[in-house]
Amino acid sequence: MIANYGFKDGSGDWYVVIDTDKCNGCGKCQEVCPPRILEVGPDEIDIFREGSVASVKHEERKKVRYSCAPCRPGYGEQPPPCVGACEPKAISHSDGWKRLYGHK
Amino acid sequence: MAEVKTQEFWRWPETNWVNPDIDWKNGKLITAGVDVGSVSTQAVIMVDGELYAYGNTRTGSDSPNSARKGMGFALEKSDIKIDNIDYCIGTGYGRVNVPMAQQSITEISCHARGANFMYGPEVRTVMDMGGQDCKAINVDGRGKVLNFIMNDKCAAGTGRGMEVFADLIRVPVWEIGPRSFQISKQPPVISSTCVVFAKSEVVGLLESGMPENEIMAAYCSAMAHRIMELLNRLGVKEKFVITGGIAKNEGVVKRLEKELGIKTAERVWYKKEYIDRKYPFDTQLAGGIGAALFGQALLKMGNAKSARKA
Numbered sequence: 139m140i141a142n143y144g145f146k147d148g149s150g151d152w153y154v155v156i157d158t159d160k161c162n163g164c165g166k167c168q169e170v171c172p173p174r175i176l177e178v179g180p181d182e183i184d185i186f187r188e189g190s191v192a193s194v195k196h197e198e199r200k201k202v203r204y205s206c207a208p209c210r211p212g213y214g215e216q217p218p219p220c221v222g223a224c225e226p227k228a229i230s231h232s233d234g235w236k237r238l239y240g241h242k
Numbered sequence: 403m404a405e406v407k408t409q410e411f412w413r414w415p416e417t418n419w420v421n422p423d424i425d426w427k428n429g430k431l432i433t434a435g436v437d438v439g440s441v442s443t444q445a446v447i448m449v450d451g452e453l454y455a456y457g458n459t460r461t462g463s464d465s466p467n468s469a470r471k472g473m474g475f476a477l478e479k480s481d482i483k484i485d486n487i488d489y490c491i492g493t494g495y496g497r498v499n500v501p502m503a504q505q506s507i508t509e510i511s512c513h514a515r516g517a518n519f520m521y522g523p524e525v526r527t528v529m530d531m532g533g534q535d536c537k538a539i540n541v542d543g544r545g546k547v548l549n550f551i552m553n554d555k556c557a558a559g560t561g562r563g564m565e566v567f568a569d570l571i572r573v574p575v576w577e578i579g580p581r582s583f584q585i586s587k588q589p590p591v592i593s594s595t596c597v598v599f600a601k602s603e604v605v606g607l608l609e610s611g612m613p614e615n616e617i618m619a620a621y622c623s624a625m626a627h628r629i630m631e632l633l634n635r636l637g638v639k640e641k642f643v644i645t646g647g648i649a650k651n652e653g654v655v656k657r658l659e660k661e662l663g664i665k666t667a668e669r670v671w672y673k674k675e676y677i678d679r680k681y682p683f684d685t686q687l688a689g690g691i692g693a694a695l696f697g698q699a700l701l702k703m704g705n706a707k708s709a710r711k712a
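In order, the protein sequences belong to chains P and V. For the first sequence, the working numbering gives the first residue as 139, with consecutive numbering after it. For the second sequence, the working numbering gives the first residue as 403, with consecutive numbering after it.
Next comes chain P alone, as it looks inside the complex (with noise of 0.2 Å):
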């Protein structure tokens, strides 16, 4: 499953974005992540999952693009700590930081 938590307004789309079946549920995510938005718990949409996923912690959600904008995600040659701390490549971010800092 592709879960997207986070919101779109007028200036753009801010959105952490988890692919839950890459996801293994590690946990490296949550600890690198600098504001700690990232948790990694039982899976609230496929009830039927076994084992943990990581997700965008609820009172987070509608703060992604605040939270995730001093990391800049999509610019620059590294990634953010929460993309490259993740083995299985589940994790990503919408474009709006990239458009909002400059294409590179």
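Keep in mind that the hints were calculated from the coordinates and are not lab data. No false leads were slipped in.
Cβ-to-Cβ under 8 Å is the rule here; a few derived chain P residues that face chain V:
#	residue
1	Met139
2	Ile140
3	Ala141
4	Asn142
5	Asp147
6	Asp184
7	Ile185
8	Lys200
Since the structure is predicted, the reported quantities are computational estimates derived from the model, not experimental observations. Note that CB positions come from ideal geometry on N, CA and C, so glycine has one too.
For this one, chain P is given, so just place chain V on it according to the hints.
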């Protein structure tokens, strides 16, 4: 002081129904789903996976009382009691505050599952137009969520936005769809993406003497456009269905179809016997139906225990 009578243009009729073809006493598993949304609450009771009763009411100021009211309304026409229900699942915005529920499940899963039951396994994209958010969900043939996106940060393009608009223009909310097509020329575009700002734009248009129907057309178009932006990110696949209250507003639905170039599925039951027996089809029930079906599945799989008291 003279009594001022105000008409509530946003108020839509509350409905309840009980299935005359089912005797719940013969049922093995009786499950319920209570979908407490921000604007409306639906309680659905299913007997062995078949629709038995429902109540569709307005959400009040607190979730527990809204859930009780919805459930009471659903039970009203039957002799079934809440103690006869094996398992109850809460869903929707107020899902954690449903007093009769044994468990809560997010409305994304429940709407996907409910749409699968209502419209059939060919459904691939479900757009739930709720009271204060909209959700676009891609599903597989079993109603499992494959991809979802939600917009709950702002009330533009939601049911509540339409209610506010109905009150402002003083037209009953269910008349807005049909009347938005009774226009002689194409309306201007309402640019604001925000309910509050759209409201001030509408006030301006009213003052400029624009015909009401054209303003309704403009508002419906604006809402359709906003929904489309969300759907574009997800990708729409047929069979495409809309659940929730806005699905009943053809002014929005037809304009969305035009923008997408994709028709929405007809609002009829997938089960032929439901159509033949003229069971009422209400797009607002998807969440409650999905929750009740999850309850049945959890009991069957042994992942949950019956809480039946009588």
